[in-house]
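Enquirer: Sequence:
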Amino acid sequence: MVFKRSRFSLLQGVALIVSGTLGAGVLGIPYAVAQVGVPLGIAYIVGLGLLIMGLNILLGYVSAGAGGTLQLAGLARRYLGEKGGYLMAGITYVMLSGVITVYIIGEGEILSALFGGPRFWWSLVFWAVAALFIFTGIRTVKTVEFVLSSLILAVVMALAAWSAPHVEWPNWGHFGLSHLLLPYGIILFAFHSTTSIPEAHSAFQGDTPAFSRAIQIASLTVILLYILFVLTVVGVTGAETAEIATIGLGRALGQPVHILGNLFAALSLATAFIMVAVSFRDSLRWDFRVPRLAASVLVAGVPVIIFALGARHFIAVLDVIGGVMVSLEMLIILLIVWRAHEAGDLPVSRPSFSRLIWLIAALVLALTLGAVYSIVVLFT
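For the sequence shown, this note's numbering assigns the number 1 to the initial residue and increments by one for each residue that follows.
These are calculated hints, taken from the structure and not from any lab test. Certain hints may be false.
Per label pair, the in silico range of CB-to-CB distance [claimed, not checked]:
no. : residue 1 : residue 2 : range
1   : Gly117    : Ala316    : 20 to 26 Å
2   : Gly254    : Gly117    : 20 to 26 Å
3   : Val94     : Arg292    : 20 to 26 Å
4   : Val147    : Leu365    : 38 to 44 Å
Just so we're clear, the structure is a prediction, and the values are computed from it rather than from any experiment. Think of the CB as a built atom: it goes at the ideal place given N, C-alpha and C, for glycine as much as any other residue.
Whole structure, please, built from the sequences with the hints as guidance.
Expert: What follows is the structure, given as structure tokens:
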């Protein structure tokens, strides 16, 4: 067994999934929302958030029905065959390498804004410290993630309270339909948490009801957190919202908010880096039997090489990873769900599953349109 410890509590499971969701995406959401307007932006957040919650619950059912410790590539191999497993592995590993690279880019910008100095070197300092957790066990990660997730919630509440007197209501009324689809990839990226679902399932050790509750509570917590963050940042900075929201908020409101906002950003990226990297490592171990040390070195090494070779643009990388790679990964997950249902491995009755068809259809439509749009934008 990978998890040689007691079963997670509900609160620990929620913290694990929340920390696997929060990350670089939340820092880009206010910029994307500022381009289209707060009402439409919140509709994006709620709509995509609920759809991804549904997808995560379906993925949780698959993990429960499959048994054992499998990440996405292993589940794809079981239900889609050897070629399906390799396809999912290719998409997932390219995506996760890109995700971790985004965290390295963003953390460098944030630490540079806080302490001064070159962003490049701050990115490398962050990577050197955070990468140490890739080589530790899940027991250590569980404790670190719980503490950091609690700090994030506290910092967001403090940030919202401090910024509230400076909110200008007209900033919430702007509409900009010329960038109508811009938020799609960025917000989808911000809700991406599929790699943390099999990780959390393994930690719950077969307690499927508690696992499902943890997914729902974590998803709703993240939706509310994103809405609060958007209302705060866009309400203050309006059309001048920066690509990394906390940097622009700090410029607008002075040193205390500058420190508080960038502390939130730094914590968000740190928790996400650790959770995504550990999930990536465990996928290599569980699904392809890569030795622990070799898997850890690969997960730590490939993203920093991508960064060193020139990946530097935060929003551009965020949009491509979210709009293209995350959409493709989630479409394959839906196919896995369907095949698992046909194999009788979903703990859901046929009448219940027939009601889920509408959720699956909505996800397929949204993900396909979003992926096509992102690919068109990428090559135009």
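Enquirer: Quick one: which hint numbers does this structure break? Sort them smallest to largest.
Expert: Result: no hint breaks.
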